[in-house]
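Q: Residue numbers (my numbering), protein chains in the order written: chain A, 1 to 325; chain B, 1001 to 1325.
None of these hints come from the bench; they were simulated from the model.
No false leads were mixed into what you were given.
A short, non-exhaustive set of chain B residues, derived as facing chain A with CB atoms under 10 Å:
| # | residue |
| --- | --- |
| 1 | M1136 |
| 2 | N1137 |
| 3 | S1150 |
| 4 | I1152 |
| 5 | G1161 |
| 6 | L1169 |
| 7 | G1170 |
| 8 | G1183 |
| 9 | K1187 |
| 10 | S1189 |
| 11 | M1253 |
| 12 | N1291 |
| 13 | Q1294 |
The calculated lysine to aspartate or glutamate pairs, modelled on EDC-like cross-linking and capped at a C-alpha distance of 16 Å, are:
| # | chain 1 | residue 1 | chain 2 | residue 2 |
| --- | --- | --- | --- | --- |
| 14 | B | K1249 | A | D177 |
| 15 | B | K1249 | B | D1278 |
| 16 | A | K299 | B | D1163 |
| 17 | B | K1301 | A | D163 |
Quantities reported herein were computed from a predicted structural model and do not represent experimental measurements.
A virtual CB, placed ideally from N, CA and C, is assigned to each residue, including glycine.
There are 2 protein chains.
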Amino acid sequence: MGKSKASLEQLVIGIDIGGTGTKFGIVDRVGNVLFSSEISTKKHTEIETFIDELHDSLIPLIEKAGGIGRIKGIGVGAPNGNYYTGTIEYAPNLPWKGIIPLSKIIQDKFKLPVVLTNDANAAALGEMMYGAAQGMNDFIMITLGTGVGSGIVANGKLIYGHDGFAGELGHTIIIPDGRLHPGTGKKGSLESYASATGVTLTALETLEKSKTPSLLRKVAKKDMDSKAVYIAAMEGDELAKQIFEYTGKILGMALANFVMFSSPEAIVLFGGLTKAGDLILKPTREHMEANLIQVFQNKVKILVSHLRESDAAILGASALVWDIQ
Amino acid sequence: MGKSKASLEQLVIGIDIGGTGTKFGIVDRVGNVLFSSEISTKKHTEIETFIDELHDSLIPLIEKAGGIGRIKGIGVGAPNGNYYTGTIEYAPNLPWKGIIPLSKIIQDKFKLPVVLTNDANAAALGEMMYGAAQGMNDFIMITLGTGVGSGIVANGKLIYGHDGFAGELGHTIIIPDGRLHPGTGKKGSLESYASATGVTLTALETLEKSKTPSLLRKVAKKDMDSKAVYIAAMEGDELAKQIFEYTGKILGMALANFVMFSSPEAIVLFGGLTKAGDLILKPTREHMEANLIQVFQNKVKILVSHLRESDAAILGASALVWDIQ
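Only chain A is shown next, with the shape it has when bound in the complex (with noise of 0.2 Å):
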């Protein structure tokens, strides 16, 4: 019996936690998501009771894919998770402030071992393990959602930094005293441009600054997203195109700067924005080239995921635990 045990496939868990709802499921060594579910983030103000629906949630998953013996341990994926200290750190977008023992309360409650790092980190390690960037050794992931999110992957592994919080690519200044950030006080961040929020205000300057037509002019400032503004723009709405453009203009310098700095084979794109397609890669392409010195152009791939995005967070979560001796 202990020898049939042994012969059967490891299999590993991936909890993705965001700050509206926490994805979860079992996860196979080629990136098979077994059995999944998801509960709220948001409605548990108490880490305690988060954790305990958690585990009720987990443990019929863990029953139907063989019992707790098949699983080598649990990957989570958080924001403002800290892969060396195995802590949440004052995550504005949590429910649950200050430092967090995150790893420690898991491995408590399912006693097993719990490896943590932050979201854009562990979605890059998924893209490494069954995405785009499979068998690359130097890349850098960028998560265009509500947020700006990145992993950066140099000499075959995550770069933490000396602190666990290094790759928040999302706050580079790119544009100096510019819109401000309403999270972190600052001007001009990658994010407050190139992500869903930013493509917002985009269209709510522009539609202001032009007098151009435009069938964006036909929404409700509260309505305004990035999303209307993509199918304004499939309509051939010049305005919306501009606006696309103008993002891709900042997200290309943007990732100019950060191949000048690490050289990647590829830089990946997940997320919301990755949606419009060429309307804002197209521009990203052009104006990373256009900054780029001589010796990095025409080298560099932009890849966009073809990770299913409800399979994403969970795989890049799971892909922590195969590191684990």
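Fit chain B to the given chain A structure using the hints.
A: Just chain B now, with coordinates in the frame of chain A:
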């Protein structure tokens, strides 16, 4: 006899190729430059005559150090030197154009293993082995000379990138549509502001824009340089101090971006501009902190290299060799 030879300490050769001169020396394990000398780079329009003179000048040093049998290998730092290919590629400041297979040429001449990288990467290795970054796994080295060079260490290793060209931080864009860089044709790069050349340009621009009296108004345009600005600032000249303040503002903003990329324990500065001391370091620190998001604030050291300038380049290049298996 074989035994006594084997017990002799191994030595390495470091060669630093600059646009004007080439320095080289024989270095022991703890970073003593035992014998060193220098030849002109500039006067050799052909690589062959350069290598011949280098050979003729190095052989006597090797003999003094106990003969070729004691030498483990040769490390070379050169502009646009590529670690992976051992070639110098399109170096604008060297007399030899195109792609030069430098490692192979030196190896054939000396019959010793050769490792090549760019000069700023070599400098970073030197700091890691013998200088301000000893014991650090994550730091960034920035050389502030005529231009701005950089070497980045993360997870204890130099970042070379997929093609060997990583770490061109001097060419990152800090001021979109800013000053034109005559060498690259790009606008607003760090090098256009935070180099000796950049300080000179800032001085000329500042004098033209303002009417404030200044000691610098006595300096002829063609004689203006960062040293003149330094001397004026040390005599209390307000305009000269403003010039360093402005330079530090831009450098600080750039350093903040670099910190949010790789979260280094320290940034090590080296080169002519650092001689201005707090005139430039104080505004650099202030503006770096002002542009960092909270999680990075007040924990990244800005250090100035304490290696002797005459030795640093040789030490850096020599440090490459100890890693050869």
